[in-house]
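Undergrad: Take a look at the letters that make up each chain.
2 protein chains.
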Amino acid sequence: MKNLTNTIQNQIILTGDRATGPLHLGHYVGSLQQRVELQKHNDQTILVADMQGLTDNATNPSKVSSNILNVVADYLAVGIEPTQTTICLQSQLPALSEITMYYSNLVTIARLERNPTVKAEIVSKGFQRSIPAGFLTYPISQAADITAFNASLVPVGDDQLPMIEQTNEIVRKINSLAGKKVLTECQPLLSKSSRLPSTDGKTKMSKTMGNTINLGSSPKQISAAIKSMYTDPMHLKVNDPGRVEGNVVFTYLDAFHPDASYVDKLKQHYRAGGLGDGETKRILEECLQEILKPIRQERSKLLSEPNYLLRILQQGSETARQKTERALNDIKNVFGLNLFKC
Amino acid sequence: MKNLTNTIQNQIILTGDRATGPLHLGHYVGSLQQRVELQKHNDQTILVADMQGLTDNATNPSKVSSNILNVVADYLAVGIEPTQTTICLQSQLPALSEITMYYSNLVTIARLERNPTVKAEIVSKGFQRSIPAGFLTYPISQAADITAFNASLVPVGDDQLPMIEQTNEIVRKINSLAGKKVLTECQPLLSKSSRLPSTDGKTKMSKTMGNTINLGSSPKQISAAIKSMYTDPMHLKVNDPGRVEGNVVFTYLDAFHPDASYVDKLKQHYRAGGLGDGETKRILEECLQEILKPIRQERSKLLSEPNYLLRILQQGSETARQKTERALNDIKNVFGLNLFKC
Numbered sequence: 024m025k026n027l028t029n030t031i032q033n034q035i036i037l038t039g040d041r042a043t044g045p046l047h048l049g050h051y052v053g054s055l056q057q058r059v060e061l062q063k064h065n066d067q068t069i070l071v072a073d074m075q076g077l078t079d080n081a082t083n084p085s086k087v088s089s090n091i092l093n094v095v096a097d098y099l100a101v102g103i104e105p106t107q108t109t110i111c112l113q114s115q116l117p118a119l120s121e122i123t124m125y126y127s128n129l130v131t132i133a134r135l136e137r138n139p140t141v142k143a144e145i146v147s148k149g150f151q152r153s154i155p156a157g158f159l160t161y162p163i164s165q166a167a168d169i170t171a172f173n174a175s176l177v178p179v180g181d182d183q184l185p186m187i188e189q190t191n192e193i194v195r196k197i198n199s200l201a202g203k204k205v206l207t208e209c210q211p212l213l214s215k216s217s218r219l220p221s222t223d224g225k226t227k228m229s230k231t232m233g234n235t236i237n238l239g240s241s242p243k244q245i246s247a248a249i250k251s252m253y254t255d256p257m258h259l260k261v262n263d264p265g266r267v268e269g270n271v272v273f274t275y276l277d278a279f280h281p282d283a284s285y286v287d288k289l290k291q292h293y294r295a296g297g298l299g300d301g302e303t304k305r306i307l308e309e310c311l312q313e314i315l316k317p318i319r320q321e322r323s324k325l326l327s328e329p330n331y332l333l334r335i336l337q338q339g340s341e342t343a344r345q346k347t348e349r350a351l352n353d354i355k356n357v358f359g360l361n362l363f364k365c
Numbered sequence: 024m025k026n027l028t029n030t031i032q033n034q035i036i037l038t039g040d041r042a043t044g045p046l047h048l049g050h051y052v053g054s055l056q057q058r059v060e061l062q063k064h065n066d067q068t069i070l071v072a073d074m075q076g077l078t079d080n081a082t083n084p085s086k087v088s089s090n091i092l093n094v095v096a097d098y099l100a101v102g103i104e105p106t107q108t109t110i111c112l113q114s115q116l117p118a119l120s121e122i123t124m125y126y127s128n129l130v131t132i133a134r135l136e137r138n139p140t141v142k143a144e145i146v147s148k149g150f151q152r153s154i155p156a157g158f159l160t161y162p163i164s165q166a167a168d169i170t171a172f173n174a175s176l177v178p179v180g181d182d183q184l185p186m187i188e189q190t191n192e193i194v195r196k197i198n199s200l201a202g203k204k205v206l207t208e209c210q211p212l213l214s215k216s217s218r219l220p221s222t223d224g225k226t227k228m229s230k231t232m233g234n235t236i237n238l239g240s241s242p243k244q245i246s247a248a249i250k251s252m253y254t255d256p257m258h259l260k261v262n263d264p265g266r267v268e269g270n271v272v273f274t275y276l277d278a279f280h281p282d283a284s285y286v287d288k289l290k291q292h293y294r295a296g297g298l299g300d301g302e303t304k305r306i307l308e309e310c311l312q313e314i315l316k317p318i319r320q321e322r323s324k325l326l327s328e329p330n331y332l333l334r335i336l337q338q339g340s341e342t343a344r345q346k347t348e349r350a351l352n353d354i355k356n357v358f359g360l361n362l363f364k365c
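In order, the protein sequences belong to chains A and B. For the first sequence, the working numbering gives the first residue as 24, with consecutive numbering after it. For the second sequence, the working numbering gives the first residue as 24, with consecutive numbering after it.
It should be emphasised that the hints constitute simulated quantities derived from the structure, not laboratory data. Note that the structure is predicted; figures quoted are calculated from it, not measured. Please note: incorrect hints may appear among the correct ones.
Identical copies carry no separate label here, and so any pair may be met within one copy or between two of them.
Taking lysine-lysine and the DSSO-like style, the derived pairs with C-alpha atoms no more than 30 Å apart in a straight line are [said to hold, decoys possible]:
1) Lys304 - Lys324
2) Lys86 - Lys196
3) Lys86 - Lys364
4) Lys86 - Lys203
5) Lys364 - Lys346
6) Lys324 - Lys364
7) Lys204 - Lys86
8) Lys142 - Lys86
9) Lys86 - Lys346
10) Lys196 - Lys142
11) Lys227 - Lys304
12) Lys142 - Lys304
13) Lys290 - Lys316
14) Lys316 - Lys203
Using the sequences provided together with the hints, build the complete structure.
TA: Following this line, the structure appears as structure tokens:
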């Protein structure tokens, strides 16, 4: 485990994943390892975002529903501890929807259309003019999630910084309406490791593209994925000098091999010529098989006990429900809508 | 009371008002009288739409919160019976927000922008490009309201027919996703009385324009509003022939005077010449003072007992909460999201 820090303490952290597929090595390097560290000294909540998963999958909802427990098993298998981290399900928290409705009145359509992340996603998903309303407005829903937990720190990739900006704009509007500080602005926690490339080295990792190694991948799947991995297309003979930059095998070795000086020596050898792709791939496979074996076994054991996973999610959602109801109450107060409680 | 029918029976009816001001004679003629009749033989719910009221008043929320009890008092004062009609508060029904979130994924932004009612309102409110997201998407929220109560009949003005269309489009999408009938399409109940004009005869009735007679208006306010009422600008001398069409005094006499044949005689006299505006206004004032006196007194008595009004609203909201939670449950089933209950 590299590039992690233990200096972050006493923060309220909200993080999560859309439940649209099992998690893969990109998640492991980009966020899961960090969460395992962060849970030790912070109040961390992980939101399984099933409702957000529907914003672009409403006509194929089983893609979401069938992955909820997969994602929870992924969390536990990598070492997220339900005793240290609250794992909860978005659709079990009505306050998140209610807060979203209140915030929707404070954000214009033009502002949403300017969001660079959403803009890029609209292009990549080929939505053009048929953007579902729920998709264009999901930054409002994310702001509801973040503030409902009163999060001070939100781990994000750099492409998600506009979400933090949008959230803090809403926070300032609510506080200005209230004439006092009701909500707290959050800070982004940028991932220190750079984004892991897909195995083909070209596109974003995507389950449907078949260019990922999932946490639950079988030894055969891991082996096949590494064999087809993008290296240096000019490195035709073993004795040719090879390029390390953009060579996915080396990027993965950097991310996963426990011995950095050994990887440095491999790089020198590869650059000089005389080290074949077959050998670098063999070394990477040995390393990844070793890392993924206990995770896969634990994951598989967990998935054979769905009631246990449901109980974890239910208990976490109950804790989260109390927190989010408190935030909703504060926000309804700002709008003068706490006449009584049903 | 005119133009009402007792033939509508055994329907589930949802109706309501944005809580953005006290109700006026336009509401009385256009919907309140009808509701008093409908409650006798139907399952009627009236939703006090505080959240929808915020879609264009978020930065001035007291306009909504301060009017909630006014509207409830208006209902009771005109004869809506809490024992026959469920009167409930939108912000007390979390299922409505949750259902809105699910539906948002089934409606495109382009579809919302084509809604003629919303288009017209965007122009009339001067929003241009700074339309709050909650305002553009309020037809989705209305569809959530209607279907959450499983309404079969929705009283609307003809300008609101696009809302019914939008709702039924969503109903068909949900049923198609489910592969069975989960939700029921609703029918509009068009008001039989034509829209009451404002006292100035020009613009839509609006509290801020000062061109309405509210149910709680004082005798002096009623008198002043009628004195300034638009008549026939060419009817300069009493003996001149006058025009009845577009003459607001006659429109109000048609709507409120109990003796239609007497009003017909007045019209003949006015057309022929010899009947002054002072006299027609005196007759209208006598009639309206008589109608509004008991309503005003009852309304004032009710507003002196806010706890009673709150109790009505709370009990109605509790009943409504059970109904809307059932609908939410059905909709979550369609998306496979009923793993457990918190």
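Undergrad: If a hint holds in the structure, say so; if it does not, say that too.
TA: Hint check results:
1. Lys304 - Lys324: Within one copy only: 29 Å inside a chain, 84 Å across chains, cut-off 30 Å.
2. Lys86 - Lys196: between (36 Å within a copy, 18 Å between copies)
3. Lys86 - Lys364: between (36 Å within a copy, 21 Å between copies)
4. Lys86 - Lys203: Intra 42 Å, inter 20 Å, cutoff 30 Å: inter-copy only.
5. Lys364 - Lys346: For Lys364 and Lys346, the Cα distance is within 30 Å both inside one copy (17 Å) and across copies (17 Å).
6. Lys324 - Lys364: Cα proximity of Lys324 and Lys364: across copies only (24 Å, versus 43 Å in one copy).
7. Lys204 - Lys86: Result: close only across copies, 22 Å inter versus 40 Å intra.
8. Lys142 - Lys86: Close inside one copy (23 Å), not across copies (35 Å); limit 30 Å.
9. Lys86 - Lys346: Result: close both inside a copy and across copies, 29 Å intra and 29 Å inter.
10. Lys196 - Lys142: both (24 Å within a copy, 26 Å between copies)
11. Lys227 - Lys304: This pair counts as within: shortest intra-copy Cα distance 21 Å, inter-copy 75 Å.
12. Lys142 - Lys304: Intra 37 Å, inter 60 Å, cutoff 30 Å: neither.
13. Lys290 - Lys316: within (26 Å within a copy, 93 Å between copies)
14. Lys316 - Lys203: Intra 52 Å, inter 44 Å, cutoff 30 Å: neither.
Hint check: violations occur at hints 12 and 14; the rest are consistent with the structure.
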